[in-house]
Structure formats: C-alpha cells, structure tokens
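Protein chains: 2
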Amino acid sequence: MHELTVDLGDRSYPIYIGEHLLGESRWLQPHIPGKQVCIVTNETIAPLYLSRLKASLDGYQIHTVILPDGESFKTLEVVNRIFDGLLESRHNRTTTLIALGGGVVGDMTGFAAACYQRGVGFIQVPTTLLAMVDSSVGGKTGVNHPLGKNMIGAFYQPYCVLADMTLLGSLPPRELSAGIAEIIKYGLISDYPFFEWLEQNVDRLLVGDQEALAYAVERSCRNKAEVVAADEHEGGIRAILNFGHTFGHAIETAQGYGNWLHGEAVAAGMVMAADLSWRRGDISADELARVRDLLVRARLPVTAPDDMTPARFVELMGVDKKVLDGRLRLVLLEAMGNAVVTSDIDTDLLAETFAACR
Amino acid sequence: MHELTVDLGDRSYPIYIGEHLLGESRWLQPHIPGKQVCIVTNETIAPLYLSRLKASLDGYQIHTVILPDGESFKTLEVVNRIFDGLLESRHNRTTTLIALGGGVVGDMTGFAAACYQRGVGFIQVPTTLLAMVDSSVGGKTGVNHPLGKNMIGAFYQPYCVLADMTLLGSLPPRELSAGIAEIIKYGLISDYPFFEWLEQNVDRLLVGDQEALAYAVERSCRNKAEVVAADEHEGGIRAILNFGHTFGHAIETAQGYGNWLHGEAVAAGMVMAADLSWRRGDISADELARVRDLLVRARLPVTAPDDMTPARFVELMGVDKKVLDGRLRLVLLEAMGNAVVTSDIDTDLLAETFAACR
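Protein chains in written order, with UniProt numbering: chain A, 1 to 358; chain B, 1 to 358.
If we strip away everything but chain A, and leave its shape as in the complex, we get (with noise of 0.2 Å):
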C-alpha cells in the first residue's frame, strides 16, 4: 500500500493505493467520526463492489443511496436524492459519506456532504480509473446545469481517498483507456520522466498490471496534489490541469456529451494543443509524434471527428477574432512536460491546428 497526502492544511488528506484494500476496515475506519455512514453508489457499481464495502464497516448504521449511471443524471434532483436518504434515515452532522463508484458519483456525493447541513465527512472509494487520478485529487464537487457543465458545486476535500487497483479489474477497456489519457496528460504537463515511464510502460497499465497502475496512479496523485496544493481554488497555475480539455470540450459539445469518453475527447484536444504548440515553435516536430504515438498506443483517438470543420471549433471556442481579445485562454507546452496558460495565441497557426487535426 503506498500513502499519498494532498497538503493542504487543514483540509489536507491520505490517499491509499494499493490491492485488496476495500475490504478491510483499518483504512476508512479511522476518517469515519460517528456512527452514521452514507453510501452512495450507482446500479452499475452496486452488484460489484457494495456488499464488500459493507463488509468493512461492521459497527455503523448504514444507509445506502443507488443512483442510476450516467453523466445524465449528475444533476441537482438527483443529488436531492441524497438528501432525500440523509434525512429519511435522520443522518445528523457527524455522518460520513462514501463515494463509491466514478468520477459522477463522487461530484455529486462530494457535493451533497458539502451542503448536508452545511457539510458532513466524505470519502471517496473511486471505481474508475479516471477518477482515482482525476475527481478523486483536488476537491472539485458539483453537478450539470441545462446551460452548462459542473456549473454548480463546490470546492469540498474529502477526509481520505481509497484506491484499490483490484476494482479495475471490472472496467471496460475503454474506460481503462480514457484514464490513461488524463495519466499521459500528468507526464506532458509537470513531468517529462513520468512521460517517458509511461512511453516504455503503457502496455502494462492496458494489460492491468495492478503493479504498474498503483505506480501511475500514484505518480499522476501527487502530480495533480502538487499543482492543487499551489491554486486551491484555481485562481491560476491549477488551470494547467485542463491541458487538451477546451479543444476536447468543443468536441464533447459538438458529438453530444457521452458519446466520446471525456478522456477520448481530451486524447484528441492534447494532440491539438501539442499540435499548436509545435506550431508556435516550442516542441518539435518529434516530440509531437511522440505525444501522439503515445496515446495511439493507448488506443485513444489522436484526431477530431471528420464533421469537425475548422469553422465548428471556431463557433464552439468563442474565437473568432472579434471576441478573441484576451479572452481565450489555452494550456499549452513550453516544452516535453511544462506546460503554461497564455492568452496569447495567433488565430492563423490556431486555424491550422484545426484544419491538421481532423
């Protein structure tokens, strides 16, 4: 097992890696102050994992709140749901709740032990790969709004998080995939030597070499702690983290949210924001090949949809040059694992990012 601690102050917490951890009671115990436990989890993960959950937490007046699966429903009905549970089985300000499932589940539980009764304990036990590197570090709560996604919610630090490589073993190869991409996201943004672990490894995380996943994992942790611990509350460096992400959101949008993973909408929206930098210069034509074998190999698609013209990402970033000044703002690379904001960007090198990377 191999801890890792977000430092920050007093909201600071353990992450536990490792294999076979949901069973047993001595990680979670400590972090649980009452004697009330929430469980929220959803239809696909319950049959998987709930009753071992359970399992370790002999003692504790359980209540448990099965949500269906689904970013669709990472809404705030639905979290209302929570409260329906919370407050049918009289959960008062000392519960804790657990998160036990992906990147939905643990915003929208994360998110309802923020405001139950002005916030309670919370715990995340991520089931996805992607959120054990991604939603699990950094305190991001918070559900979809009609208009617009994570629109409202709320920065809340769980007290622990366990990470038990054992639960990938259920995930679709997809999905396995799609986190990879935010871990090779970690190695191009703060970390060249991760880049290159990954470049001689990848093949293992695919296989599910539990070994090589709790090193990823771990190492893609303490990046992204790194990075939170500096900009809590992203006022500026933490936005390096949406590396590939405004070039995937527009993707996101323009395919219907879910019909791309988030993590293969961020493949391609790396590949692009590589591409760019390349462009203006900062990496070379090599290294891009090799930001984009790289996620090839991880079977991640390295390009737009066919029917994203130029002209659709210009309507979906907001960038045409009347309403560019100054206000579109990208991650890109300085070099190979330094990544940086600017706003600074040449609409004609931009133009042929999205005419290349089709």
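No false leads were mixed into what you were given.
Treat identical chains as interchangeable: a pair holds within one or across any two.
Below, in silico cross-link-like pairs of lysine to any residue (SDA-like), each with a Cα-Cα straight-line distance of 20 Å or less:
1. 35 x 327
2. 35 x 328
3. 149 x 80
4. 149 x 76
5. 149 x 239
6. 149 x 87
7. 35 x 55
8. 149 x 77
9. 149 x 89
10. 35 x 235
11. 149 x 119
12. 149 x 92
13. 149 x 90
14. 149 x 259
15. 35 x 92
16. 54 x 159
17. 35 x 60
18. 35 x 87
19. 54 x 32
Think of the hints as simulated: they come from the structure by calculation, not from any bench.
Knowing the structure of chain A, use the given hints to seat chain B on it.
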C-alpha cells in the same frame, strides 16, 4: 454611517449601518470585483427598492431574478431559478450576487453564490430588521428540505453587508417586533448593559426611530460577530445564538411554519428558557419578570399557544426520559447577559416550564 468588521481572517467583511445608504454607489462598488451583477429579490421588495439599488450600479451589466415571497419558497428548486438566470445571462466567475430582501432571500442568494461555478461574490442588502441583526452576520446560507429546515446549505461569507435603516420604514409592525426579539436575545445571552439599554429604549425602536435602530443593529451585529469569529462553523460556543430557539422551533413546527413569525416563536421560547433558568436557580424571579416585561413591551408573545400541551412539547423536542441522555442540549441563562449550552437538564423542572408557559 457606522462601520463594523466581522473578523474572520481572509473572509472578513464590513457591515455598513446607517440611513439613506442604498442609493449611494460608494458602499457597494468597492466590493464588486467584475462588471457583472445579479440582483436577487422578491415580488414584495422589488417594487419598493429595486430601482434605487439599480440606480447605484450604473455601468454594470445587471441581471435581476425576482423570487416569490415566503419561507415556503426557500427550496432547492427555487435556488435553481437563480442558476438559470445566471447562466442565461452568461455570468462568469467574476460575477457578484446581491441579495435584496429579508432572511429568505439572503439565505438563498448566499447559497447560490456559494455554489455557482463553485463560489462567486455575494453582497447582502437586508430589508428586514431580523435579517439585519441575524442572517446578515455569520455566513449561514441555505434552503429547507421537506424533511427539515435549513438542512441544505453552506457556510459562505458575503463581501459586505449594507444595513440601511431607511428601508425599515416599509416593514410591517409585526415584523419589526420579530426583529426586536432577536435584538433582545443578544442582551440576554452576552450583553447585559445592552439589555438595560433596551429596557430604556425599546419604545424608540417600535416607532422606527432610525438612530435608535442603527444603534441596536450595530450592537446586535457586534455581539453576533464576536461569537461567530470565535466559532465560525458552530463547533461549540456559537450554539448560544440558539437561545430560545429549541422551544421556539417546537412552537413553529406545531403551528405550521409561517403562522407564527420566527421572531415571535423565539420570543416565547426565550421566556421558556429563562423560566427554566429561574427554576434551576440561575436567575431571580425579578429578572425573569424583566425578560417577560421587555418582550411584552416589544409586542411579542411570551407564552406558547394554548394547544401546546406539555405532552406536545415532549413529543416535538424528543425529551422523554428514554431519549434524553445527553441528546437534548438547551441554551440557558447562567446569569442575565450570560448564556451557556447544557445537556444537564432536569426533566421535572423542564415539565414545570412546559406547564407554566402557556
């Protein structure tokens, strides 16, 4: 104009207290970081003060959300209307929400500000005496759930509070009295000289003497601010602010919310808490009479409704002997101007209080 600072480290904020403050731009503008402002008010207040507030915000991009008036609309669904308005008018993370109204508008607007894009700016312009002395200090925001009052919310501090006595001119006399109940509370729990001042000056408050009102608001806010600064998240001492509230909530629940005003129920509840304090030997019969007399002069109820039998109180407060062990905590007077929180409660004395205060 009097200025008072609520001292909460990097979340400290000023309360401006005086007359004719609303129309002046100089109070609010320094606390608005961006160009976007969203005013949230209700149907009753909008015709009275909305145009005056808008006139002081020349040059800003203003969106207005007008909510229905009343505690029954303090729900997650109605808060969602604020989110709808913010997103439809494309407000970004630099927007500032201004609550123009009483406690319900303030609680909902503060909660919306806490959650919109994980936290944006927020200013309170209370239009009731109760909101000026209670909800505008301390950062408690939130909404009700069908199964409990204020069960969903956040601790979230405003950037500033503007308490303009001029606005109290339109307040119905019954609501003025309800606000005075909370003012008397501060004298009882932590400021005996203020209680004596109120014995001298309560009639001036009742006739709307703006100088006396400003003094009472400032001194109340100062008392509350000291308690909140010592215990922002209600881990301990802050509970003394609930003096009279446990009895009062039982009355409100029994009568159905909205039939008694909150301040009225608290007034009767404070007499009950003082009565029990006298039975425990902590204040004298004369002091108890002074509490009752001052509340009567403020035109507030000093007994529970006739149909509130002792058995009904026992039921609503969950105080039968079986469940009592350590569960019921009451705020009582150790002396005039000195409240304590205790779970050491003699159920026989409590029964006498239930019987006596009808």
